Amino acid sequence: MARARTGGEAVKIYVTSVLVDDQRKALQFYTDVLGFQAKRDVPLGEHSWLTVVSPHAPDGVELLLEPDAHPAVKPYKEALVADGIPAASFQVDDVRAEFERLSSRGVRFTQEPVEMGEVTTAVFDDTCGNLIQIVQM
Amino acid sequence: MSDVFKALADPTRRAILDELADRDGQTLFEICGRLAGKHGLGSSRQAISQHIDVLAQAGLVETRRDGRYKFHHLNTGPLRHLTDRWLAPEPEEKP
Chain L
1 MARARTGGEA VKIYVTSVLV DDQRKALQFY TDVLGFQAKR DVPLGEHSWL
51 TVVSPHAPDG VELLLEPDAH PAVKPYKEAL VADGIPAASF QVDDVRAEFE
101 RLSSRGVRFT QEPVEMGEVT TAVFDDTCGN LIQIVQM
Chain S
1001 MSDVFKALAD PTRRAILDEL ADRDGQTLFE ICGRLAGKHG LGSSRQAISQ
1051 HIDVLAQAGL VETRRDGRYK FHHLNTGPLR HLTDRWLAPE PEEKP
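Protein sequences appear in the order of chains L and S. For the first sequence, the working numbering gives the first residue as 1, with consecutive numbering after it. For the second sequence, the working numbering gives the first residue as 1001, with consecutive numbering after it.
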């Protein structure tokens, strides 16, 4: 008999991904500009298994900078970007401070900081074909 | 003119105008976030998109493409003469 799905089994997120148009450019943006740390860089033919982590949690969830070469991906990304919909959401301590810091480095925001009750959010372009939301809560 | 009254008749569409007045030039995602977060309006993105279409037909909202992004802007022009029909002209001051 199968074990019950609720309660006992621990399923854990260890990696999640953003689909990037150029892995090396993405690595530079996600580390140098955003402040993530490089974690794994394993060559796999044309591309790599390339992940970054938060400096606050080097053993935590990894962000995979995944190639967007599949033909279905580009129209999908373009449609999300046109409507301002982020591909991923990251937590920061102070959205306004990050907005100032990233703007001063030339990062383009499609949504400036908006306070909605307890939560403040903003959305910027990751230069790899995605919008990214930052959240303070 | 009837398009303007129809557009203004709906509370969700008035909330969209309120938020664009707060900050002009928003993506669909931002408008949806503001409606849900600040007004408790949990309509689908598609429904909000249709509301924006009604506002655009009335000339109250303009959608502009900026590179890969699409932003929505408020145009208050159609509101300016809404009440001319009923408001009497201001009486001229007597010398």
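Honestly, the hints are just simulated from the structure, not real lab data. Do not take every clue at face value.
Pairwise CB distance ranges (calculated) [what the hints assert, rightly or not]:
{"no.": "1", "chain 1": "L", "residue 1": "GLN37", "chain 2": "S", "residue 2": "ASP1003", "range": "20 to 28 Å"}
{"no.": "2", "chain 1": "L", "residue 1": "ALA10", "chain 2": "S", "residue 2": "GLN1057", "range": "48 to 56 Å"}
{"no.": "3", "chain 1": "L", "residue 1": "GLY117", "chain 2": "S", "residue 2": "GLY1067", "range": "41 to 49 Å"}
{"no.": "4", "chain 1": "L", "residue 1": "ALA97", "chain 2": "S", "residue 2": "ARG1023", "range": "16 to 24 Å"}
{"no.": "5", "chain 1": "S", "residue 1": "GLN1057", "chain 2": "L", "residue 2": "GLN28", "range": "38 to 46 Å"}
{"no.": "6", "chain 1": "S", "residue 1": "SER1044", "chain 2": "L", "residue 2": "TYR76", "range": "15 to 23 Å"}
{"no.": "7", "chain 1": "S", "residue 1": "GLY1077", "chain 2": "L", "residue 2": "LYS74", "range": "33 to 41 Å"}
{"no.": "8", "chain 1": "L", "residue 1": "GLN37", "chain 2": "S", "residue 2": "ARG1068", "range": "23 to 31 Å"}
Residues of chain S placed beyond 10 Å of chain L at every Cβ, according to the derived structure [what the hints assert, rightly or not]:
{"no.": "9", "residue": "LEU1028"}
{"no.": "10", "residue": "GLU1030"}
{"no.": "11", "residue": "PRO1091"}
Source: prediction; values computed, not measured. Yeah, the Cβ is synthetic: ideal placement off N, Cα and C, and Gly gets one too.
Taking the CB of L:GLN37 and the CB of S:ASP1003, does the distance hold inside 20 to 28 Å?
-> Since L:GLN37 and S:ASP1003 have Cβ atoms about 54 Å apart, the given range 20 to 28 Å is violated.
Status of the given 38 to 46 Å range, CB of L:GLN28 versus CB of S:GLN1057 | holds (45 Å)
Satisfaction of the hinted span 23 to 31 Å by the C-beta atoms belonging to L:GLN37 and S:ARG1068 = Taking Cβ atoms as reference, L:GLN37 and S:ARG1068 lie about 29 Å apart, which means the hint holds.
Given as non-interface: S:GLU1030, which should sit over 10 Å from chain L by C-beta | violated (5 Å)
Outcome for the supplied range 33 to 41 Å, where the beta carbon pair is S:GLY1077 and L:LYS74 | At roughly 38 Å between Cβ atoms, L:LYS74 and S:GLY1077 fall inside 33 to 41 Å, so the hint holds.
Is the hinted range of 41 to 49 Å satisfied by the C-beta distance from L:GLY117 to S:GLY1067?
-> violated (31 Å)
Does the claim that S:PRO1091 lies outside the interface with chain L hold up, using a Cβ gap greater than 10 Å?
-> holds (45 Å)
Compute the least Cβ-Cβ separation between S:LEU1028 and chain L, then decide whether it is above 10 Å.
-> violated (4 Å)
Could you see if the CB distance from S:SER1044 to L:TYR76 stays within 15 to 23 Å?
-> Given about 19 Å between the Cβ atoms, the range holds.
So does L:ALA97 sit 16 to 24 Å from S:ARG1023, Cβ to Cβ?
-> holds (19 Å)
Evaluate the given range 48 to 56 Å for the C-beta pair formed by L:ALA10 and S:GLN1057.
-> This hint holds: roughly 53 Å between Cβ atoms.
In this structure, the hints that do not hold are numbers 1, 3, 9 and 10, in rising order.
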